[in-house]
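The chain contents come next:
There are 2 protein chains.
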Amino acid sequence: MPTYTAPTKDLQFVLQDVLGVSSLDTPGYDELDADTTGAILEEAGKLAEGVLAPLNTVGDEQGCTLENGVVRVPDGFQEAYDQMREGGWMGLDADPEYGGQGMPVVMSMAVGEMFVSANMAFNMYQGLTHGAASAIHAHGTAEQKATYLPKMIDGTWSGTMNLTEPHCGTDLGLIRTKAEPQEDGTYKVSGSKIWISAGEHEMSDNIIHLVLAKIPGGPEGIKGISLFIVPKYIVNEDGSLGDRNAVTCGGLEKKMGIHGNATCVMNYDGATGYLIGDLHKGMRAMFTMMNDARLGVGLQGYAQAVVAYENALGFARDRLQGRDITGVKNPDGPADPIIVHPDVRRNLLMQKSFVEGARAFTLWGSTILDKVHREKDADADGLISLLTPVLKGFLTDKGFDTAVLAQQTLGGSGFTKEWGLEQFVRDARITMIYEGTNGVQSLDLVGRKLPANGGKPIMAFFDLVKTYCKENAEDPVLGKDFIEPLKAASKDLQEAGMYFMAEGMKNPNNALSGSYDFMHLFGHVCLGLMWCKMAKAAQARLDAGDTDTDFLNAKIATGKFYMARQLPETALHLARIKTGADTVMELDAANF
Amino acid sequence: MPTYTAPTKDLQFVLQDVLGVSSLDTPGYDELDADTTGAILEEAGKLAEGVLAPLNTVGDEQGCTLENGVVRVPDGFQEAYDQMREGGWMGLDADPEYGGQGMPVVMSMAVGEMFVSANMAFNMYQGLTHGAASAIHAHGTAEQKATYLPKMIDGTWSGTMNLTEPHCGTDLGLIRTKAEPQEDGTYKVSGSKIWISAGEHEMSDNIIHLVLAKIPGGPEGIKGISLFIVPKYIVNEDGSLGDRNAVTCGGLEKKMGIHGNATCVMNYDGATGYLIGDLHKGMRAMFTMMNDARLGVGLQGYAQAVVAYENALGFARDRLQGRDITGVKNPDGPADPIIVHPDVRRNLLMQKSFVEGARAFTLWGSTILDKVHREKDADADGLISLLTPVLKGFLTDKGFDTAVLAQQTLGGSGFTKEWGLEQFVRDARITMIYEGTNGVQSLDLVGRKLPANGGKPIMAFFDLVKTYCKENAEDPVLGKDFIEPLKAASKDLQEAGMYFMAEGMKNPNNALSGSYDFMHLFGHVCLGLMWCKMAKAAQARLDAGDTDTDFLNAKIATGKFYMARQLPETALHLARIKTGADTVMELDAANF
Chain A
1 MPTYTAPTKD
11 LQFVLQDVLG
21 VSSLDTPGYD
31 ELDADTTGAI
41 LEEAGKLAEG
51 VLAPLNTVGD
61 EQGCTLENGV
71 VRVPDGFQEA
81 YDQMREGGWM
91 GLDADPEYGG
101 QGMPVVMSMA
111 VGEMFVSANM
121 AFNMYQGLTH
131 GAASAIHAHG
141 TAEQKATYLP
151 KMIDGTWSGT
161 MNLTEPHCGT
171 DLGLIRTKAE
181 PQEDGTYKVS
191 GSKIWISAGE
201 HEMSDNIIHL
211 VLAKIPGGPE
221 GIKGISLFIV
231 PKYIVNEDGS
241 LGDRNAVTCG
251 GLEKKMGIHG
261 NATCVMNYDG
271 ATGYLIGDLH
281 KGMRAMFTMM
291 NDARLGVGLQ
301 GYAQAVVAYE
311 NALGFARDRL
321 QGRDITGVKN
331 PDGPADPIIV
341 HPDVRRNLLM
351 QKSFVEGARA
361 FTLWGSTILD
371 KVHREKDADA
381 DGLISLLTPV
391 LKGFLTDKGF
401 DTAVLAQQTL
411 GGSGFTKEWG
421 LEQFVRDARI
431 TMIYEGTNGV
441 QSLDLVGRKL
451 PANGGKPIMA
461 FFDLVKTYCK
471 ENAEDPVLGK
481 DFIEPLKAAS
491 KDLQEAGMYF
501 MAEGMKNPNN
511 ALSGSYDFMH
521 LFGHVCLGLM
531 WCKMAKAAQA
541 RLDAGDTDTD
551 FLNAKIATGK
561 FYMARQLPET
571 ALHLARIKTG
581 ADTVMELDAA
591 NF
Chain B
1 MPTYTAPTKD
11 LQFVLQDVLG
21 VSSLDTPGYD
31 ELDADTTGAI
41 LEEAGKLAEG
51 VLAPLNTVGD
61 EQGCTLENGV
71 VRVPDGFQEA
81 YDQMREGGWM
91 GLDADPEYGG
101 QGMPVVMSMA
111 VGEMFVSANM
121 AFNMYQGLTH
131 GAASAIHAHG
141 TAEQKATYLP
151 KMIDGTWSGT
161 MNLTEPHCGT
171 DLGLIRTKAE
181 PQEDGTYKVS
191 GSKIWISAGE
201 HEMSDNIIHL
211 VLAKIPGGPE
221 GIKGISLFIV
231 PKYIVNEDGS
241 LGDRNAVTCG
251 GLEKKMGIHG
261 NATCVMNYDG
271 ATGYLIGDLH
281 KGMRAMFTMM
291 NDARLGVGLQ
301 GYAQAVVAYE
311 NALGFARDRL
321 QGRDITGVKN
331 PDGPADPIIV
341 HPDVRRNLLM
351 QKSFVEGARA
361 FTLWGSTILD
371 KVHREKDADA
381 DGLISLLTPV
391 LKGFLTDKGF
401 DTAVLAQQTL
411 GGSGFTKEWG
421 LEQFVRDARI
431 TMIYEGTNGV
441 QSLDLVGRKL
451 PANGGKPIMA
461 FFDLVKTYCK
471 ENAEDPVLGK
481 DFIEPLKAAS
491 KDLQEAGMYF
501 MAEGMKNPNN
511 ALSGSYDFMH
521 LFGHVCLGLM
531 WCKMAKAAQA
541 RLDAGDTDTD
551 FLNAKIATGK
561 FYMARQLPET
571 ALHLARIKTG
581 ADTVMELDAA
591 NF
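Just so you know, the protein sequences line up as chains A and B, in that order.
Quick note on my numbering: the first sequence kicks off at 1 and runs consecutively.
Quick note on my numbering: the second sequence kicks off at 1 and runs consecutively.
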């Protein structure tokens with residue numbers, strides 16, 4: 001059986017030492033002192049370890065079942081759901097006006113990492129609710145907010161997002177679900193949606209579906225899409241539940257992983273829906289939710305890597321096989337633990353340096369998002385918009401790769417269900433696909449985010465890195481091992497950006513053929529920057545006489561590994577980008 | 001449902017145009033004229049498409065079950081097994097003296113690719129038999145060969161390899177299974193073996209287990225291991241089956257993939273065994289079998305990528321989503337097929353350039369193995385020994401990655417069981433682990449194969465590449481796009497080798513920390529060489545006026561993609577290697 005130990009100390013290190021959240025001037029951050037964040041992490045960690053993690057294998061083995069329209073979730077999920085709800089965890093960062101706890105996003109992400117590592121399929125039920133509630137909060141009328149938010153935020157009701165149809169996912173302009181206006185101002189929604197996570201279950205009293213649909217006679221394609229609230233049970237004016245709406249679960253998807261989450265075909269058969277946001281502006285409303293959700297999916301990617309790495313590390317310390325080539329390390333045993341072997345260490349350090357870097361990147365991104373939410377800071381908005389596809393695409397690709405590496409550490413045991421590593425791999429796999437495939441993320445990055453606002457956000461990012469390098473170039477710890485590699489990587493990123501500007505103008509395919517490599521190049525620069533910040537924070541504590549030297553020196557050592565061995569990937573990505581579109585576009589589709 | 005179309009034309013291209021098998025002077029190769037290889041590929045392809053592929057999903061869904069010691073295989077497996085046996089496919093490359101067809105290895109590998117692509121879990125039943133029969137052929141007495149080989153080669157009996165025990169896999173010196181000598185010259189074998197593929201089933205009348213065990217009082221560790229034949233049913237002197245031996249299946253492993261194959265715990269409880277090969281030289285006998293088996297596992301890795309790519313390509317041509325940014329390509333449809341998008345093409349070309357390169361590499365390696373088997377050529381033996389860990393490690397790592405890429409092409413559909421891509425990913429995953437994890441392959445490469453025979457094999461490989469580059473430097477098609485990148489990559493490989501020589505002498509960890517990167521660097525150089533050979537062969541046919549221009553030009557275009565976009569990975573691997581052991585070894589095991 002796999003184990004999970006909440007990395008509260010590492011999370012606290014990032015929040016307090018690296019990001020210094022309590023000293024940031026973002027409104028509400030003054031409450032995030034070390035005692036408070038420590039206490040919250042501790043409580044959430046206990047829940048993750050004690051309640052959610054033990055249900056992860058159960059969820060995978062049992063999956064969900066559909067009988068007579070009713071979806072049954074795995075054993076123990078209802079009890080865990082109730083416990084999460086009663087603890088107030090579901091509304092951690094929600095608006096206090098509607099019963100939320102009003103914590104910053106950075107705190108809900110730190111807590112979320114632990115919940116997702118412990119049980120990703122379970123956590124999706126509340127994750128989807130969170131997304132749907134965010135959209136209602138941003139785009140709903142005062143009445144809609146009052147009707148739905150309090151019960152969604154406290155988990156009494158849950159929520160879903162309904163975008164995909166059998167013939168379209170990425171290209172939502174093609175959707176066929178229609179919403180016919182009724183005389184009372186409501187709409188009759190009809191159509192079929194697929195891959196609806198948490199689409200149907202009975203853990204909550206009602207499910208609030210957000211559904212993209214077209215109103216007949218509206219504009220063609222993407223410009224004619226509106227967003228509708230379609231509750232499973234109609235909500236009466238007094239807030240009580242009325243009739244069952246004409247929305248049913250038509251089937252459960254059989255899939256590679258996240259078996260504990262009900263992935264539903266949802267059939268809308270003239271269901272009563274309420275327009276949310278402006279007519280024909282459904283995509284905009286959906287994207288509000290999607291951008292935050294993408295950050296959450298990036299988190300899912302690395303959170304699976306976190307728990308996979310923990311188990312790989314435990315195995316590598318216990319498993320006795322072979323001897324250290326430089327001298328026996330475990331003379332009393334029949335062999336040395338495999339962590340003595342350089343190739344095993346290389347593998348473990350790839351895992352460790354990724355998950356810790358990814359954690360810092362995600363929480364840093366969350367602080368930027370908080371500035372947007374709490375200060376309406378335009379620069380922060382530009383920056384997080386730019387970083388979002390990188391957070392989603394890079395962290396999920398590498399999160400999956402890392403789970404695969406962790407599985408490899410266990411050799412044959414990694415392939416067995418007994419050790420649980422293979423579930424982390426299967427569960428992590430979806431994160432590269434949903435909320436926009438990583439290919440789509442890279443197009444968003446290069447096609448939309450790079451040129452956004454005349455390139456101001458990307459220039460701001462370059463400045464940020466440049467300034468950081470300049471300020472720390474002479475630092476005795478950072479200078480050679482950290483700043484120099486970061487400068488080289490950042491130079492690769494700038495050169496790639498310049499290539500896109502020059503060559504993409506001539507032929508857009510020159511940019512699009514390199515978009516995926518650019519996303520990875522960008523991700524490495526971000527993780528490189530994070531490792532500089534982590535090493536600096538660790539050194540500062542050491543310089544101040546902190547006695548937790550093993551922990552702090554490990555941060556610096558792990559950072560050195562990342563800078564020396566992982567960051568040089570940027571040169572490969574740049575080399576690929578500069579080959580342009582020629583070899584990508586040459587072959588006719590018929591001749592593949 | 002996934003589909004499979006046997007790539008007989010591509011296989012024939014490699015056999016005849018690239019390798020020119022019928023003109024090689026290896027004994028027996030003169031029979032491999034184009035008509036013969038074409039006819040064999042055609043027949044095997046039909047079997048793969050019509051009989052094995054339809055059972056692949058069945059095998060995954062049903063898996064194997066154990067009841068009262070009897071293992072039931074999935075529906076249809078018995079019938080398919082009988083058909084394979086009756087067609088003589090199981091003994092394709094086996095010794096005619098024992099009923100085999102005596103074909104070269106290169107032919108059985110070409111055929112094997114199709115069988116494995118169609119149904120890897122099924123094909124393992126005969127694959128294990130093949131390995132066990134090879135060991136008996138190489139190390140058995142005349143009597144043992146006469147007793148076991150004819151029925152194993154015709155598939156009436158099957159075989160297994162028993163190495164791993166719960167506490168040891170890589171470090172076989174630790175095994176506890178013991179073999180106690182009896183007065184009649186037999187042994188009583190007792191112990192428990194795990195992860196025994198095809199360990200128990202009733203498709204064959206008998207199962208011949210090859211078991212590593214220690215004779216009490218023998219040398220310690222790896223030097224005290226002997227190999228034993230332990231048949232499920234004792235074979236009487238007249239060849240008929242006698243008593244059931246004391247070997248039973250104690251359980252079936254629950255695992256990530258290859259569900260159609262019975263992965264067994266095998267319990268030996270004083271089972272009658274017969275020593276095969278020399279006393280205490282069991283590892284040598286096992287390695288004979290393992291080296292050939294590793295080539296077969298490399299093939300499994302890329303064969304899963306082949307079928308995954310086929311399905312990704314089909315999807316990319318059919319799925320309509322978005323429009324080509326340079327102009328609508330499918331004006332009559334609601335959107336263009338996704339193969340118009342540069343990032344989808346990039347993904348597909350990564351798949352295509354890998355599977356075709358891997359196929360050529362594997363079949364080229366097989367021709368070298370045939371020289372060893374048929375001519376006892378020492379240089380060929382040195383070369384294939386060197387290449388074996390690369391064939392196994394690189395092709396399975398990249399084969400898995402490629403299956404993941406193919407899954408990504410399908411977006412959400414790739415995550416569903418319905419489309420079958422996720423099974424290819426799960427099945428491919430084991431190839432990176434068994435027959436020695438890929439980490440172990442890299443240690444074998446750097447620790448044993450590089451220094452072997454004073455470095456003669458690696459120097460011979462460098463010469464081979466150098467000569468090839470020199471001979472083709474002025475070729476108008478090859479020169480700039482192929483030879484130059486190959487030279488650069490080969491230079492990286494040489495530099496890495498020199499680094500190991502210089503720095504590995506000072507500290508072996510400097511070499512071992514870079515072994516995995518070296519294995520990948522080496523693999524890329526090999527695939528680069530293969531793409532040069534394929535492009536050259538295609539161009540030669542074009543120059544000769546061949547009218548299959550689309551097929552031939554596609555080879556050249558795909559090769560250009562590989563040389564421009566994939567081969568530059570060598571520089572990254574070299575850069576990593578040259579960072580040495582410092583960052584890998586710095587962190588104390590306790591502080592990870």
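Since the hints were derived computationally from the structure, they do not count as laboratory data.
A virtual CB, placed ideally from N, CA and C, is assigned to each residue, including glycine.
Do not rely on the hints blindly, as some may be mistaken.
[To be verified] Covered by chain B, per the in silico footprint, the following chain A stretches (three or more residues, Cβ under 8 Å):
# : region
1 : 177-188
2 : 434-445
[Claimed, not checked] Pairs of lysine to aspartate or glutamate, DMTMM-like flavour, derived with a Cα cap of 25 Å:
# : chain 1 : residue 1 : chain 2 : residue 2
3 : A       : Lys536    : A       : Asp475
4 : A       : Lys254    : B       : Asp75
5 : B       : Lys417    : A       : Asp475
Looking back at the hints listed earlier, which ones does the structure fail to meet? 1, 5
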